[in-house]
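Chains A and B supply the protein sequences, listed in that same order.
Heads up, the first sequence is in our numbering, so the first residue is 81 and it goes up one at a time.
Heads up, the second sequence is in our numbering, so the first residue is 81 and it goes up one at a time.
Simulated from the structure, these hints should not be mistaken for lab results.
Please note: incorrect hints may appear among the correct ones.
Put simply, identical chains are the same to the list, so a pair is met inside one copy or across any two.
[What the hints assert, rightly or not] In silico DSBU-like pairs for lysine-lysine, Cα to Cα no more than 30 Å straight-line:
id, residue 1, residue 2
1, 384, 310
2, 255, 359
3, 214, 403
4, 403, 384
5, 275, 255
6, 403, 310
7, 403, 440
8, 257, 440
9, 375, 271
10, 257, 359
11, 403, 207
12, 440, 271
13, 403, 375
14, 238, 375
15, 403, 255
16, 310, 207
17, 403, 275
18, 440, 310
This is what each chain is made of:
Protein chains: 2
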Amino acid sequence: MFFWALFRLSLQVLATVLCRLRAAVAPRVASSLRPAAALWLWAFRLHPERGRPNPKYPLLLPIFAFKGFFVENRICSLFNIEKPIVQAGMIWCSGWELASAVSNAGGLGIIGSGSMYPEVLRQHLEKCQAATSKPFAVNLPLLYPNIEQHIDSILEFKVPIVFTSAGNPAAYTQKLKAQGITVVHVVSSAKFALKAQAAGVDAVVAEGFEAGGHNGREETTTLVLLPLVKQVCSVPLIAAGGISTGRAMAAAFALGAEAVQVGSRFVASEESSAHLAFKSAVLSAGEGDTLLTLKELTPVRLLKNPFFQELVQAYQQGSSPEKLVEILGRGRAKKGMFEGDLDQGELEIGQVSALIRSIKPAADIVNEIWTEFQQTLVCMGNLVHNA
Amino acid sequence: MFFWALFRLSLQVLATVLCRLRAAVAPRVASSLRPAAALWLWAFRLHPERGRPNPKYPLLLPIFAFKGFFVENRICSLFNIEKPIVQAGMIWCSGWELASAVSNAGGLGIIGSGSMYPEVLRQHLEKCQAATSKPFAVNLPLLYPNIEQHIDSILEFKVPIVFTSAGNPAAYTQKLKAQGITVVHVVSSAKFALKAQAAGVDAVVAEGFEAGGHNGREETTTLVLLPLVKQVCSVPLIAAGGISTGRAMAAAFALGAEAVQVGSRFVASEESSAHLAFKSAVLSAGEGDTLLTLKELTPVRLLKNPFFQELVQAYQQGSSPEKLVEILGRGRAKKGMFEGDLDQGELEIGQVSALIRSIKPAADIVNEIWTEFQQTLVCMGNLVHNA
Chain A
81 MFFWALFRLS LQVLATVLCR LRAAVAPRVA SSLRPAAALW LWAFRLHPER GRPNPKYPLL
141 LPIFAFKGFF VENRICSLFN IEKPIVQAGM IWCSGWELAS AVSNAGGLGI IGSGSMYPEV
201 LRQHLEKCQA ATSKPFAVNL PLLYPNIEQH IDSILEFKVP IVFTSAGNPA AYTQKLKAQG
261 ITVVHVVSSA KFALKAQAAG VDAVVAEGFE AGGHNGREET TTLVLLPLVK QVCSVPLIAA
321 GGISTGRAMA AAFALGAEAV QVGSRFVASE ESSAHLAFKS AVLSAGEGDT LLTLKELTPV
381 RLLKNPFFQE LVQAYQQGSS PEKLVEILGR GRAKKGMFEG DLDQGELEIG QVSALIRSIK
441 PAADIVNEIW TEFQQTLVCM GNLVHNA
Chain B
81 MFFWALFRLS LQVLATVLCR LRAAVAPRVA SSLRPAAALW LWAFRLHPER GRPNPKYPLL
141 LPIFAFKGFF VENRICSLFN IEKPIVQAGM IWCSGWELAS AVSNAGGLGI IGSGSMYPEV
201 LRQHLEKCQA ATSKPFAVNL PLLYPNIEQH IDSILEFKVP IVFTSAGNPA AYTQKLKAQG
261 ITVVHVVSSA KFALKAQAAG VDAVVAEGFE AGGHNGREET TTLVLLPLVK QVCSVPLIAA
321 GGISTGRAMA AAFALGAEAV QVGSRFVASE ESSAHLAFKS AVLSAGEGDT LLTLKELTPV
381 RLLKNPFFQE LVQAYQQGSS PEKLVEILGR GRAKKGMFEG DLDQGELEIG QVSALIRSIK
441 PAADIVNEIW TEFQQTLVCM GNLVHNA
């Protein structure tokens with residue numbers, strides 16, 4: 081009895097020494113694993129009553145616990161950021177103001193270039209660089225018509241990270257990487273994740289069915305998608321879709337993600353360039369107020385509004401895809417999200433809008449998610465079986 | 081420096097004493113929180129270098145950590161089980177063999193009475209009671225035509241727990257509770273969760289869009305649904321939909337669940353009464369192989385097969401709901417899941433089938449989920465920020 085108690089105590093002391101040692105070697109590493117806690121939990125494998133290893137603790141527990149001593153958060157290292165929270169690049173919503181605010185708060189801000197003319201992107205890059213000295217990224221939809229001009233601007237302004245989406249990652253990944261740019265691709269299935277990895281991307285974003293805007297045909301939710309992608313990919317995994325809180329971030333980490341990409345929550349930030357009417361519509365959205373539609377064209381999750389009802393009617397009348405394209409017309413997204421036309425505009429937002437109830441500065445959002453994430457981790461650690 | 085190190089060490093010793101004390105008071109409580117780990121983490125709030133509280137740790141951390149000393153897993157206490165893992169009551173798949181195997185392994189097994197004649201249910205109850213001395217439950221679809229006969233059997237065999245679904249919880253909750261039965265209701269939205277709570281249920285199961293079989297109209301995924309339900313309900317929350325592993329279980333706990341209900345994984349168990357052909361179809365299902373359909377009638381998630389394609393064609397031809405009812409006909413679920421007709425049968429299974437690759441004894445499934453859950457908790461605890 082006494083021997084085991086002493087042994088456990090000495091393990092704890094050793095843990096503290098190791099922790100100090102490690103802090104001396106890599107004093108500024110963010111989000112790393114805590115070796116001392118690992119050892120502490122290992123010590124607990126020893127049964128408090130019977131003075132021998134507790135059979136209720138699986139044999140592999142110490143290995144899992146020890147692994148923590150060597151593993152870092154690969155996304156923080158890759159992007160050179162403090163907190164593995166990425167703000168999604170969103171058309172009409174994420175310009176330089178939002179991106180720089182998120183980067184300044186220790187996350188990764190992304191300028192959504194999909195809704196910008198080449199000249200507009202250049203202005204945003206200039207202003208973003210003036211507003212932050214921290215790394216930020218550009219989201220590049222690979223089907224963008226003037227993509228070469230966008231890439232020229234990215235190279236000229238030495239943007240360190242590019243998130244590509246909506247297209248074949250094989251097309252530009254190597255070109256960008258040859259210029260020293262970190263490339264991340266957004267996917268909605270394990271199949272596309274494998275393709276992206278084969279193309280040489282540095283990380284993938286796996287985005288589930290609950291996400292706003294354009295979405296995958298498989299309708300796989302984040303909870304199921306993350307382990308599917310994790311199974312086949314060795315590059316770091318960023319979770320997206322349905323994440324607006326620290327608890328959801330912890331859930332994503334439990335499923336193997338090393339960072340989260342948050343979209344909808346940042347639409348309702350002070351720095352987002354979304355129209356105030358759209359932001360207000362996000363705040364008042366409840367459960368079931370968004371739905372995936374236009375599955376015959378490109379599936380997209382929209383807030384239900386008169387335009388959405390028009391689509392529903394067209395479906396009920398058995399309209400052809402051509403007819404749907406005609407109804408959709410052009411410039412609907414700008415009309416809805418940027419100009420605030422809640423009737424006739426296309427309002428792209430995620431299911432998680434049902435949880436968003438306030439407009440806040442982006443830095444506050446980053447810090448709230450981060451704090452809740454850590455609180456949740458502590459609670460999770462405390463849950464370890466104590467029979 | 082030395083003072084703080086000593087203070088931290090003494091906190092750790094105190095933690096150990098508290099842990100022993102608690103083990104003496106409630107030696108057999110399962111899945112409880114670990115007060116020692118809480119204190120240990122609290123001690124870490126003290127900055128190792130500067131000898132004062134680490135500002136990187138939020139002020140509320142110790143409160144979150146300490147809460148662990150008082151909180152138990154309410155689902156384990158409510159059901160009197162060891163592991164908060166519930167096997168979903170599934171038509172044609174979960175008879176007495178599966179339910180008793182899960183209960184014997186420390187989880188909660190459920191007999192799915194929705195596909196049973198009253199006489200068949202009585203046989204299953206008898207055999208289940210002979211096969212296990214542990215608690216098990218019956219799933220009762222509230223729209224079942226002979227529900228009174230089922231309830232009589234449940235009372236006669238003194239079944240301690242009933243899971244109700246597919247109907248108004250106000251109808252039978254009080255009647256069952258008056259007989260000392262624990263009542264749990266399955267919901268797909270926060271709105272219905274509130275109704276169930278008002279009806280007096282002891283817990284709710286929140287089932288997301290990714291789940292197999294019948295499903296909600298809002299299409300809310302588990303990741304978004306759990307926090308929405310948690311916001312409005314004070315009764316314990318059981319997560320369902322998309323959960324087949326210990327990592328997914330940990331994700332559900334991060335979102336506030338106190339237990340998980342696992343369906344699809346147990347379809348592919350040795351004790352499930354699903355036809356072997358259906359079990360094999362589940363094993364070979366990949367991502368995107370299930371889809372929610374029949375939204376005009378009752379939304380249901382099915383594995384894509386020739387019958388499913390028939391429905392797709394009917395939709396493309398703009399068929400009326402009446403026509404759909406005609407195509408559906410009667411007995412499709414039995415034909416597919418119980419008799420193994422993979423062409424013409426209705427094959428109800430969740431998205432998570434894409435992750436299921438083996439048929440195993442139910443006890444092994446319970447233990448694997450439980451072990452991985454604990455390993456994930458340890459890893460999560462280790463992730464606590466160490467900048």
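Hints, verified against the model:
| no. | hint | result |
| --- | --- | --- |
| 1 | 384 - 310 | between (33 Å within a copy, 24 Å between copies) |
| 2 | 255 - 359 | neither (37 Å within a copy, 46 Å between copies) |
| 3 | 214 - 403 | neither (46 Å within a copy, 60 Å between copies) |
| 4 | 403 - 384 | both (20 Å within a copy, 28 Å between copies) |
| 5 | 275 - 255 | within (16 Å within a copy, 56 Å between copies) |
| 6 | 403 - 310 | neither (39 Å within a copy, 42 Å between copies) |
| 7 | 403 - 440 | neither (40 Å within a copy, 50 Å between copies) |
| 8 | 257 - 440 | neither (35 Å within a copy, 45 Å between copies) |
| 9 | 375 - 271 | both (19 Å within a copy, 28 Å between copies) |
| 10 | 257 - 359 | neither (36 Å within a copy, 45 Å between copies) |
| 11 | 403 - 207 | neither (41 Å within a copy, 59 Å between copies) |
| 12 | 440 - 271 | between (37 Å within a copy, 27 Å between copies) |
| 13 | 403 - 375 | both (14 Å within a copy, 23 Å between copies) |
| 14 | 238 - 375 | neither (37 Å within a copy, 49 Å between copies) |
| 15 | 403 - 255 | neither (38 Å within a copy, 54 Å between copies) |
| 16 | 310 - 207 | neither (37 Å within a copy, 41 Å between copies) |
| 17 | 403 - 275 | neither (33 Å within a copy, 41 Å between copies) |
| 18 | 440 - 310 | between (33 Å within a copy, 23 Å between copies) |
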